[in-house]
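Trainee: Sequence:
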Amino acid sequence: MASRLARPVARFRRHERIYSREAYLSRTLQARTTKGLALEALNRCHVMLLKLVRQRSARRKAASPASPPENAGASAAGNDMDVDVEEQSGLPIARPCTAGNDGSEEVCHVFQELSSWNRCLWYVGLQLRELTAPGELSLVQVRDQGCGHEQEERSRQGRLLFRLLITLHHCVVSLDLCQAIIEDCSFGEFHYFVAEPIQRNSTLRKLTLGGFRGYDFIRPALFAAIATKTDLQEFDFVDSGVFLDMINPLRVLLENATANISKLSIPGLHFDAEHANRLVASLGRNGTIQELSVHVSILSSLFPSGTARFLVYVGNCERLQALTVTDDRDVIATVEVRSIVEALLLPRSNILRLKLLGFLLDEDCAYQFSRLLARNGPLESLDIIECRWMRVAPLSPYSIITQEVEHGLGLVGPHISRHVRTWVEAFIQNTTLRFLALDLFLLTAVDFGIFFEALSSVRSLRTVLVGGVAVKDLPQLGQIIRDTGMCQRVSVDAEYLVYPALLYALEDCPQVLRHASVNSSREPSPAVCRETLLNLTTARWCQLTTLRLCLSQEFFDDSLAGAMDQCLNEATSLKELELGGCEEPDLSRLTGEGSLNPVLRALFSSPSMRTLKVCRFRFGLANLRFLAEAVLTNRTLCEFLFSSCDPVENTKLLQFIAQDFAENDTMIDLRVPKYGEVETQVERAVIQGVLGRNMGFVTCAAHFVVYEERSGRCEDSLDRVHQSSALTSKVQELATAEEGEATEMIRSMFPTT
6 MASRLARPVA
16 RFRRHERIYS
26 REAYLSRTLQ
36 ARTTKGLALE
46 ALNRCHVMLL
56 KLVRQRSARR
66 KAASPASPPE
76 NAGASAAGND
86 MDVDVEEQSG
96 LPIARPCTAG
106 NDGSEEVCHV
116 FQELSSWNRC
126 LWYVGLQLRE
136 LTAPGELSLV
146 QVRDQGCGHE
156 QEERSRQGRL
166 LFRLLITLHH
176 CVVSLDLCQA
186 IIEDCSFGEF
196 HYFVAEPIQR
206 NSTLRKLTLG
216 GFRGYDFIRP
226 ALFAAIATKT
236 DLQEFDFVDS
246 GVFLDMINPL
256 RVLLENATAN
266 ISKLSIPGLH
276 FDAEHANRLV
286 ASLGRNGTIQ
296 ELSVHVSILS
306 SLFPSGTARF
316 LVYVGNCERL
326 QALTVTDDRD
336 VIATVEVRSI
346 VEALLLPRSN
356 ILRLKLLGFL
366 LDEDCAYQFS
376 RLLARNGPLE
386 SLDIIECRWM
396 RVAPLSPYSI
406 ITQEVEHGLG
416 LVGPHISRHV
426 RTWVEAFIQN
436 TTLRFLALDL
446 FLLTAVDFGI
456 FFEALSSVRS
466 LRTVLVGGVA
476 VKDLPQLGQI
486 IRDTGMCQRV
496 SVDAEYLVYP
506 ALLYALEDCP
516 QVLRHASVNS
526 SREPSPAVCR
536 ETLLNLTTAR
546 WCQLTTLRLC
556 LSQEFFDDSL
566 AGAMDQCLNE
576 ATSLKELELG
586 GCEEPDLSRL
596 TGEGSLNPVL
606 RALFSSPSMR
616 TLKVCRFRFG
626 LANLRFLAEA
636 VLTNRTLCEF
646 LFSSCDPVEN
656 TKLLQFIAQD
666 FAENDTMIDL
676 RVPKYGEVET
686 QVERAVIQGV
696 LGRNMGFVTC
706 AAHFVVYEER
716 SGRCEDSLDR
726 VHQSSALTSK
736 VQELATAEEG
746 EATEMIRSMF
756 PTT
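Residue numbering for the sequence shown follows the numbering used here, starting at 6 and increasing by one per position.
Where hints are given, some of them may not hold.
Calculated cross-link-like contacts (lysine to aspartate or glutamate; reagent style DMTMM-like; alpha-carbon spacing at most 20 Å) [as the list claims (entries may be wrong)]:
#1 679 <-> 738
#2 211 <-> 743
#3 211 <-> 189
#4 580 <-> 644
#5 679 <-> 644
#6 580 <-> 591
#7 360 <-> 452
#8 580 <-> 743
No lab work stands behind these hints: they were computed from the structure.
Since we're looking at a predicted model, the values are computed, not measured.
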């Protein structure tokens, strides 16, 4: 290792004086922080550096008598290129990780130049993020990446940094690998810059892989490298379809005697019977998997008796605690659901969490779920809210409750549906379920009372998410939830178009309204729209977390701004706000060019808002400047999504924000549509760098609160982001706490004197 590092370092020192001009440009780039000049300096530096790189590359090619073999060329190019990158950026790229187990330094030296690393990595769609713990880095995929000619020039440099990070830095513990890193890349370059570093790395704990469907020529080498990663704890394959070349590497990874993988997610990987049989056999030989997400096609491998081999594995694997199965077919899955339930009913099954996605269910499926819940076994969480229901199959004749119990629960009579009987049978016997999410499509309004009365008897149940409730049934549902004492446990996971009459009907049961929308195309007049907003101002709407407004030009006036300001001020639980235009309203025409629209000012009135979306408007320069300033100075806002009907305004807003974005400590996501190929390359790179830094603040502060990591970095981070709702969410995640508990934990860090 030392000899390999000595060559590029010595070469850099030898050429230090020759390329002092580039070093000066890089230092100038870091020093220019005056408003409006930093971005200009950055752009000039990039242009001049690219010219110098092209000149040196041309000289090297002219001096080369013959082309070397492809792999050798990639290696040689890598050795030459490290000098170029080091000279341009001023980064000590050949220096190994300095945060070792010996405690020599608190964090790696990469953290000192994190924004510079991210500027280079951005061109291959990657960014370094401090997400898992203080001092640990994740190399993640980002939405915005370099493009056009500059992308081609610098993507190879980004691949070099990728190689160095993966091979030299054990502080990198997580990797998102996407197709952006191999675009315009030969097989030799891919092997040298990507596959070989992954194979050599021994510290990655999580790997996410996706976007390689059209790259048949490199997939075998990539998958073979992944098969050697015995230190991986989590592997997530996000592509969908048939990838037969992925099966054998997965088998090798699972069957390795030193494997540590505990979470395997392959929900889009389709199987035929032969390959399903092979993978199930490897799962059976594995001794570490605890969480598994698969496609329903894995059930295609059957024993002669007709039983799915995979479900025999599930029913007899005591280590497996969480199972997710995805179905993208359009056929009723009665047989598959029955098979899954049969597996979970086996004595050795230890599944705590079951989640089904995309299944088409019928009443027989509901009966199978009731059997599972009535068993009163280890199952703690059942999530089937993203499944669809159809009224086609009759309920199975078998019943697990007596006629006496049926009479006691009021389950006798033609007005009681078979579907609700099925669930009641399960609820009255269950004492272990803690989380339930399901669609109530097959329940009638008459069924609600019996359903929730039985559900309230499950004392272990903490959270219930329901969907599929028609708006006309909301008032009755809310009343029943209140009467059964389930207000603190039940949430309706659906968005409803609200209007004054509906809000009046829900006054006694406001907890059912979590996601509301107001649309001017459905409102008779601006006055009714204002009345709707004012009705949402009262404190009774304690669970309203999302509000979407879609308004046309005639609705925007001072009275609307006042109603919005009052509504958002009192909506203390609101987390997400979206203001969208209907028929492309022009806000600058409403107040005159150079004047600020008061509605935009009202958007920032909420004390708890985490996400703001503003889209489908024409704004004008004054409104754009206000939005940029408001986003930069808001202490609770964490995510901002913007889209103008005029693409030029998208560019302008990015330029306004990027000038002073380094002063913001709380923003962790900012999205603006692209316009052209190189219009906002520099600004986007700068913004991504700041977003990554801010995510690190949240991670460090949360560990300070939850785990009492009293380092200087963590304490400083808490001072910066203690008002951020992103910190509250992170504390909730780490401490497995409710929002109120997380808020109190943060407040306890600042005792009053």
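Trainee: Hint by hint, say whether it matches the structure.
Mentor: Evaluation of the provided hints:
no., hint, result
1, 679 <-> 738, "33 Å, violated"
2, 211 <-> 743, "27 Å, violated"
3, 211 <-> 189, "26 Å, violated"
4, 580 <-> 644, "10 Å, holds"
5, 679 <-> 644, "18 Å, holds"
6, 580 <-> 591, "27 Å, violated"
7, 360 <-> 452, "25 Å, violated"
8, 580 <-> 743, "15 Å, holds"
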